[in-house]
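J.: Chains as they are written, first to last, in my numbering: chain Z, 1 to 335; chain U, 1 to 304.
Hint data in this document are derived by calculation from the structure and do not stem from the laboratory.
All C-beta atoms, glycine included, are put in the ideal place defined by N, C-alpha and C.
Keep in mind that a hint or two might mislead.
What the hints assert, rightly or not - Part of the chain U face toward chain Z, derived, beta carbon under 7 Å: (1) Pro86; (2) Asp197; (3) Pro198; (4) Leu207; (5) Val211; (6) His216; (7) Arg219; (8) Asn220; (9) Pro224; (10) Arg296.
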Amino acid sequence: MTHLLQIENLSVDLVVHRRYRKVLQDVSITVEKAEVVSLVGESGSGKSMTARSVLSLLPAQGKMSGGIAFDGQSLIGASYKEWQKFRATKAAMIFQDPRASINPVHRIGDFLTEALVHNRGMDRHEALERAATLLEQVGIDDATRRLRQYPHELSGGMLQRVMIASVLLIEPQLILADEPTTALDVTTQADVIAVLDDLRAQRDMAMLFITHDLELAAAFSDRIAVMYAGFIVEVSTPAQLHARPLHPYTAALLHSRPMLHERTARLPQISGRPLSAFEAPPGCPFQDRCPYVQPRCSESMPQPLLIAGSIVRCHRASELELVSTVGAGGGQTHG
Amino acid sequence: MVVLLLVTSFVIYASLFLAPGSPDALLFGAHTVSPAVRAAVNRQYHLNDPFLQQYWYWLTNVLHGNFGTSITYRTPVALRLTAAAPVTAFLVIYSSILIIVSGVALGVLSSLRPGKLDTFIMTATNVGTAVPTFVAGLILLAFFGVKLNWFPVYGAGAGFFDRLHHLTLPAVALAFWAVAYLTRVTRTSMREELQGDPVLTARSRGLSRRVVIQRHAFRNALIPVVTVAGLQVAGLLAGTVIVEQVFGLNGLGELLLTSVQDKDFATVQAVSLILVAAFIVVNTFVDITYTMLDPRIRLGTNQP
Numbered sequence: 001m002t003h004l005l006q007i008e009n010l011s012v013d014l015v016v017h018r019r020y021r022k023v024l025q026d027v028s029i030t031v032e033k034a035e036v037v038s039l040v041g042e043s044g045s046g047k048s049m050t051a052r053s054v055l056s057l058l059p060a061q062g063k064m065s066g067g068i069a070f071d072g073q074s075l076i077g078a079s080y081k082e083w084q085k086f087r088a089t090k091a092a093m094i095f096q097d098p099r100a101s102i103n104p105v106h107r108i109g110d111f112l113t114e115a116l117v118h119n120r121g122m123d124r125h126e127a128l129e130r131a132a133t134l135l136e137q138v139g140i141d142d143a144t145r146r147l148r149q150y151p152h153e154l155s156g157g158m159l160q161r162v163m164i165a166s167v168l169l170i171e172p173q174l175i176l177a178d179e180p181t182t183a184l185d186v187t188t189q190a191d192v193i194a195v196l197d198d199l200r201a202q203r204d205m206a207m208l209f210i211t212h213d214l215e216l217a218a219a220f221s222d223r224i225a226v227m228y229a230g231f232i233v234e235v236s237t238p239a240q241l242h243a244r245p246l247h248p249y250t251a252a253l254l255h256s257r258p259m260l261h262e263r264t265a266r267l268p269q270i271s272g273r274p275l276s277a278f279e280a281p282p283g284c285p286f287q288d289r290c291p292y293v294q295p296r297c298s299e300s301m302p303q304p305l306l307i308a309g310s311i312v313r314c315h316r317a318s319e320l321e322l323v324s325t326v327g328a329g330g331g332q333t334h335g
Numbered sequence: 001m002v003v004l005l006l007v008t009s010f011v012i013y014a015s016l017f018l019a020p021g022s023p024d025a026l027l028f029g030a031h032t033v034s035p036a037v038r039a040a041v042n043r044q045y046h047l048n049d050p051f052l053q054q055y056w057y058w059l060t061n062v063l064h065g066n067f068g069t070s071i072t073y074r075t076p077v078a079l080r081l082t083a084a085a086p087v088t089a090f091l092v093i094y095s096s097i098l099i100i101v102s103g104v105a106l107g108v109l110s111s112l113r114p115g116k117l118d119t120f121i122m123t124a125t126n127v128g129t130a131v132p133t134f135v136a137g138l139i140l141l142a143f144f145g146v147k148l149n150w151f152p153v154y155g156a157g158a159g160f161f162d163r164l165h166h167l168t169l170p171a172v173a174l175a176f177w178a179v180a181y182l183t184r185v186t187r188t189s190m191r192e193e194l195q196g197d198p199v200l201t202a203r204s205r206g207l208s209r210r211v212v213i214q215r216h217a218f219r220n221a222l223i224p225v226v227t228v229a230g231l232q233v234a235g236l237l238a239g240t241v242i243v244e245q246v247f248g249l250n251g252l253g254e255l256l257l258t259s260v261q262d263k264d265f266a267t268v269q270a271v272s273l274i275l276v277a278a279f280i281v282v283n284t285f286v287d288i289t290y291t292m293l294d295p296r297i298r299l300g301t302n303q304p
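Isolated chain Z (complex conformation) (with noise of 0.2 Å):
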């Protein structure tokens, strides 16, 4: 079977100060046509990174390894043109801050009709007639007065429904989905990722959603891969997930949040700080922050193992009863 979005062995280096440093490492996930795959860890873990690799955007001299294929087609080594051609038709990306992202100097319209006018040479008019009826859709009314109205002059919420827009005037097989709701309020993320899933699903499109918010996650993804210094250190289905989370990160992410249905005096915390690829030690590199450690984590960097449908990279995943919160708290109800 061919998957829509197969890497594998992903490996990225970034220059920072100088000096090449590991961002990613031997990465491996996959995207299923009209899937929902949530990749969830701490800033600097490496989500961001592995969504660019997907449209090979890496910051300057960035260095890639490994395989990334579409459809069953090897992307590595493909040249300018053809990652233009990919971007334009295949996947399509959803920044994070669309204030930022939207360039503020041209119209809703403009930025709305600017890739089906130059890439596929739509007429501006039929372009701006799309736009508008999908405006509509994401829930942004006056959609004709909206087009001639400049970034600024929305507010964030509008400014992330009118990039979701973007992506899906492209018609792309894959969105990804890079923290879609971060810099937006609260009370409109909910809104937001509610639009975009269901217009996402509508058509029947996959999505490769980042995030650090695990119940988001939860909430609507098929499956969720936990990523931990630039390694993908278990992947699973929410439900199991939460039930039985296999590596000791994982649980420890788990046990970290706030309950709705109990009171908790201090949250319990993951001791130590959060790496990143190029500090972590030889082997695992959650070992320093792990209750479970054995000599053998700072030995080597535990191969992936196939437990009970998930994915886990832990030597004790087998043995270790991990669960997902602390106390005999009740209510939970994820899926």
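Got chain Z sorted already, so can you dock chain U onto it with the hints?
T.: This is chain U only, laid out in the frame that chain Z set:
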């Protein structure tokens, strides 16, 4: 803008009024004259009237296009202006075009070709910004004018092409420093935009390199470039005083300088006023361009 012009006209008039040397002393020089003649002259030029009234006479005349009569040369100032202004205007416009076209082009080129070309342009502009206008003028004059004999070294020429030929060296000298500076500003601005989020977004959509650079890097980078270019063009008006000296051109700068030396009050006032007016016009033009480039500072738009 009108208010600004009015204020500057007052400042110009007042500062000359307060300057040492009086018109009648200049007129009569060492001659001894009878009090009757002196009184007649004073009456003719309103020299005994209160200061504000004198200013008022001058202002109303200027507004009617009458800049008075040169005391030293006994010719209408307006006549001298119409002889000098076209030379300076030609020089300034020619030089502005050189600055904007080559400054922006070199800056963009430098930002898009990191490596040898960028290093070369940066070194050259580093030297360029350090060369004063009169030094640039003299070097150009010595090399292209005297040694190679490609360009005339004196005079403004008659007719469009002859004038273009005559004014090339002065215009280049005038533009020299500004081109170097504008190149650096353009390069910095472009590099910033090329690494910015809008460019990343544009690239992620598979737009061609040309569209990304034109619509998302260059277009945004222009905003600071226009500000600097405007200041430079306005500054050229002052720069002409030096360049016209070096190249022996009878422009406004030259006229201003000789009039100050001759204590030719009416001419100094008129030239200063024209230079200030031109400065204000350039600045207004820059402001208008600026609001066209950046919708965020457009007046009268409100949040929804």
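J.: So, for every hint listed, does it hold in this structure?
T.: Against the structure, the hints come out as follows:
Against a cut-off of 7 Å between C-beta atoms, the interface hint on proline 86(U) is violated, since the closest Cβ of chain Z lies about 37 Å away. Taken as an interface hint, aspartate 197(U) checks out: its beta carbon lies about 4 Å from the nearest beta carbon of chain Z, inside 7 Å. Restraint check, proline 198(U) versus chain Z: the minimum CB separation of about 4 Å is within 7 Å; hint holds. For leucine 207(U), the interface hint holds, since its Cβ comes within 7 Å of a Cβ in chain Z; the closest pair sits about 6 Å apart.
Hint status for valine 211(U) relative to chain Z: holds, with the closest Cβ pair at about 5 Å, below 7 Å. For histidine 216(U), the suggested interface contact is upheld, since its CB lies about 5 Å from the closest CB of chain Z, less than 7 Å. A cut of 7 Å between beta carbons decides the hint on arginine 219(U): the least distance to chain Z is about 6 Å, and the hint holds. At its closest, the beta carbon of asparagine 220(U) sits 6 Å from a beta carbon of chain Z; the interface hint therefore holds under the 7 Å criterion.
For proline 224(U), the interface hint is violated, since its Cβ never comes within 7 Å of a Cβ in chain Z; the closest pair sits about 13 Å apart. For arginine 296(U), the interface hint holds, the least distance from its beta-carbon to any beta-carbon of chain Z being 5 Å, beneath 7 Å.
Consistency with the previously given hints fails for numbers 1 and 9, ordered from lowest to highest.
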